[in-house]
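Visitor: Guided by the hints, dock chain C with the ligand onto chain A, whose structure is given.
Chain by chain, the residues:
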Amino acid sequence: MTTVFLCEDSLDGILTGVYEAWGSRLGHENVRLKTDEADTMELFCQYQTVRTDMEKAEKVLRTVRRRMGEKAQEAVCYAAACPDERKADAIYRLIVLGMSMEDGRQAVNCLQNPSVLLVEKLRYKAWHEAERMLGFLRFQELSGGVLYAYMEPPYAVLPLIAPHFADRLLQENWIIHDGRRKQIAVHKRGSGWFLADAGLLNPVRIEERSESEAEFQALWKVFCRSIAIEERRNPTCQKNLLPLRFRPCMTEFQV
Amino acid sequence: MQYTKIPEQLPVMEKLKILSDAAKYDVACTSSGTSRGNNGKGIGSCFEAGICHSFAADGRCISLLKILFTNECIFNCRYCLNRSSNDVPRATFTPDEICELVMGFYRRNYIEGLFLSSGILKSPDYTMELLYQTLYRLRTKYHFGGYIHVKAIPGADPVLIEKTGFLADRMSVNLELPTAEGLRKLAPAKTRDKILRPMRQVQNRMEENRQEIALYRSAPRFVPAGQSTQMIIGATPENDFQILSVAESLYQKFDLKRVFYSAFVRVNDDSALPALPGGPPLLREHRLYQADWLLRFYGFEAGELLSEDRPNFNMVFDPKCDWALRHLEFFPVEVNRASYQTLLRVPGIGVKSAQRIVKARRLGSLDFADLKKIGVVLKRALYFITCRGRTMYPVKIEEDYITRNLLYVKENLPPELRGEMTYRQLSLFDDGMPLSAEEQSILTVGESGPAAGFSRERRIL
Ligand code: SF4
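Chains as they are written, first to last, in our numbering: chain A, 1258 to 1512; chain C, 80 to 540.
Pulled out of the complex, with its shape left as it was, chain A reads as follows:
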């Protein structure tokens, strides 16, 4: 009988799932990993709910890095950010494969293996999505000077994009808020960043804008309008490159 390990839909959740499934000694062919809720319970399956454990997750990620290399670690992290129900199991299979190989670094190259191929595809998708967010994210200045960005991304890109802003906006205090996952990344001037629960945010404070905020927003809107060449107007092209779903959180598209 197959045992399904139900994990939380997050990188740590999935990695803990890998830890538990592996440790169960049920045999790789008898276990499966899933992130979605158990609304599609199958008959003849046993379900086991995984409690996310940061330490276990960390252990697995370290092992992946050591035995399978940086590329595999990255693939796992990015794939885990995708909204795809097959991802947890594919990540598990990739790791099982890597551990069984003499040179685990080769695992990510075995694209004839469907799980490896899937992880690679998901990695690419999440990477592409994260790359777009690097450009499309918008900060607003709160009174007190903290920069605050709000997004609702379908992919869990927050931990993927935070390092970029930690470097770029090193001397700023900033918060990036993932409204969909109720998670925030917090950065303190001159130091690192960390993930936290969005419940920590003071809902009143994040509504207080600095004095110059409205003016900069207005300037930016003016610029975006005047930079387009009327004779080359092409909303279809604009929509392909900047899909509508991004726009609600982008200053220049807000009225």
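Hints listed in this document are in silico derivations from the structure and should not be mistaken for laboratory results. Because the structure is a prediction, the values reported are computed rather than measured. There's no promise every hint is true.
To be verified - Covered, in the sense of this in silico footprint (three residues per stretch, anywhere, with C-beta under 8 Å from a C-beta of chain C), are these stretches of chain A:
id, stretch
1, 1301-1313
2, 1489-1500
Unchecked claim - In silico contact screen, one side only, chain A against chain C (beta carbon under 8 Å); selected entries:
id, residue
3, Glu1342
4, Glu1429
5, Trp1477
6, Ile1486
7, Val1512
Stated by the list, open to error - Simulated crosslink set (SDA-like; lysine to any residue; CA at most 20 Å straight-line):
id, chain 1, residue 1, chain 2, residue 2
8, C, Lys120, A, Gly1449
9, C, Lys96, A, Glu1472
10, C, Lys96, A, Glu1377
11, C, Lys451, A, Glu1377
12, A, Lys1316, A, Leu1452
13, C, Lys451, A, Leu1368
14, C, Lys336, C, Lys264
In this text, a Cβ means the ideal position worked out from N, Cα and C, and glycines have one as well.
Guide: Chain C with the ligand only, in chain A's frame:
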């Protein structure tokens, strides 16, 4: 002088409106070519492949705050909105106003940096000095570490240009028109020689700088993202062959990173300018970009793609396909044996798929199913290749036959040229991989930047 005087104190909002509107015809709005982390003191970093922050209503990528320092100008180039004889509202920023705008926009993640060009205020030296002052302040007082693209003003003191180049990531001098003849007609204040001189200077200084850096790794960087230029297409009667040959020699002799092509937009009602009832020549501009890629990444020469007898691009087929149809003696090529350079010449095989083929065939010979997985566009390539000695279907290697069949395989034009057509990507890049936003915007705007990707950002947690 006839131009309207600047009102003393325009609000920044008005200035921004005027000076971004006046800068919009410059196409080179990209932020690629430099990779640099935060220096620890200020704000900013650079991302090798460039980042698009938004897309304007014309579908072009917005990456930099693209503005003129001033739209005052002592010259009267016929094609230019800012020419001295036009009665348009004039404005001039102060260096600090620009710095404040850049910082405010950058902190909010609106932009990657600044693109600063200018009309000629008083004299080339005077103008260049103002550009220098702006960059100097931005880098030293505001500690801005993001991307800066600045124009070198032809005729300005070389010392000023050099100082400015040490503060910028990219510098460009616009060629404006492809030939000296065109310049004489439409921009009499500019000569070929005057334009090429600063270009040469920047090239030589970059070369010296490379040696300095080899000696001392911490030597200051001069124009690290390289030099670019742009030409206006369709304002003067040059043919595509002339234009592409100019581009080729710029790449070869001036070591330019990019040449941009800008479809002429008729902003002035002037008898010296052609009327363009069909609007700006966008398809022509697009063909030039495709041919430009063939020069830079595919080992083609201008003289292979066009000639005195066939001086213009085929509007139906892309330049590579057009070349292949005229060189059928070259085909079919055997995919399992052909050299990398040969593979690159096959329609439907791009740089990525050619590289993958070369790698994959070491492990065993390839068949058509493998090619498909690799990302070769078989519906285009099938007329030009064999696998293990066999073509995919029984086909005739014959111009008429292939032409007829390829006409059904419609080209993937970029969105802005598509009209009713609905294809996704441009055939030249059509080797199966989705394009990055910057790559996609090349198709409409111009810049490349091999999708170097996340190199630095890839470290996680
Ligand atoms: S010098 Fe530049 S700004 Fe002045 S008229 Fe000529 S093209 Fe326009």
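Visitor: For the pair supplied as a hint, Lys96(C) and Glu1377(A), is the alpha-carbon distance within the 20 Å limit?
Guide: violated (45 Å)
Visitor: Would the hint on Glu1342(A) stand, with a C-beta cut-off of 8 Å toward chain C?
Guide: violated (22 Å)
Visitor: Quickly compare the C-alpha distance for Lys96(C) and Glu1472(A) to 20 Å and report which way the hint goes.
Guide: holds (14 Å)
Visitor: Could you grab the alpha-carbon distance between Lys120(C) and Gly1449(A) and see if it respects the 20 Å cut-off?
Guide: It holds: about 15 Å lies between the C-alpha atoms, which stays within 20 Å.
Visitor: Cut-off 8 Å, C-beta pairs, minimum 3 residues; does the coverage of the stretch 1301-1313 of chain A by chain C stand?
Guide: Since 0 is below three, the answer is violated.
Visitor: Can we keep the Val1512(A) interface hint, with Cβ of chain C closer than 8 Å?
Guide: Not OK, violated: Val1512(A) not within 8 Å of chain C, min 15 Å.
Visitor: When I compare C-beta atoms, does the stretch 1489-1500 of chain A have three or more residues closer than 8 Å to chain C?
Guide: holds (count 10)
Visitor: Return the status of the interface hint for Ile1486(A): holds when the least beta-carbon distance to chain C is below 8 Å, violated otherwise.
Guide: This interface hint holds because 5 Å falls under the 8 Å limit.
Visitor: Taken at face value, is the distance from the CA of Lys264(C) to the CA of Lys336(C) at most 20 Å?
Guide: Given pair Lys336(C), Lys264(C) is violated - Cα atoms ~28 Å apart, limit 20 Å.
Visitor: Is it true that the CA of Lys451(C) sits at most 20 Å from the CA of Glu1377(A)?
Guide: Distance ~18 Å between Lys451(C) and Glu1377(A) Cα, so the pair holds.
Visitor: Does the alpha-carbon distance linking Lys1316(A) and Leu1452(A) stay inside the 20 Å limit?
Guide: holds (19 Å)
Visitor: Is the Cα-Cα distance between Lys451(C) and Leu1368(A) 20 Å or less?
Guide: holds (15 Å)
The structure does not agree with the numbered hints 1, 3, 7, 10 and 14 stated previously, though it agrees with the rest.
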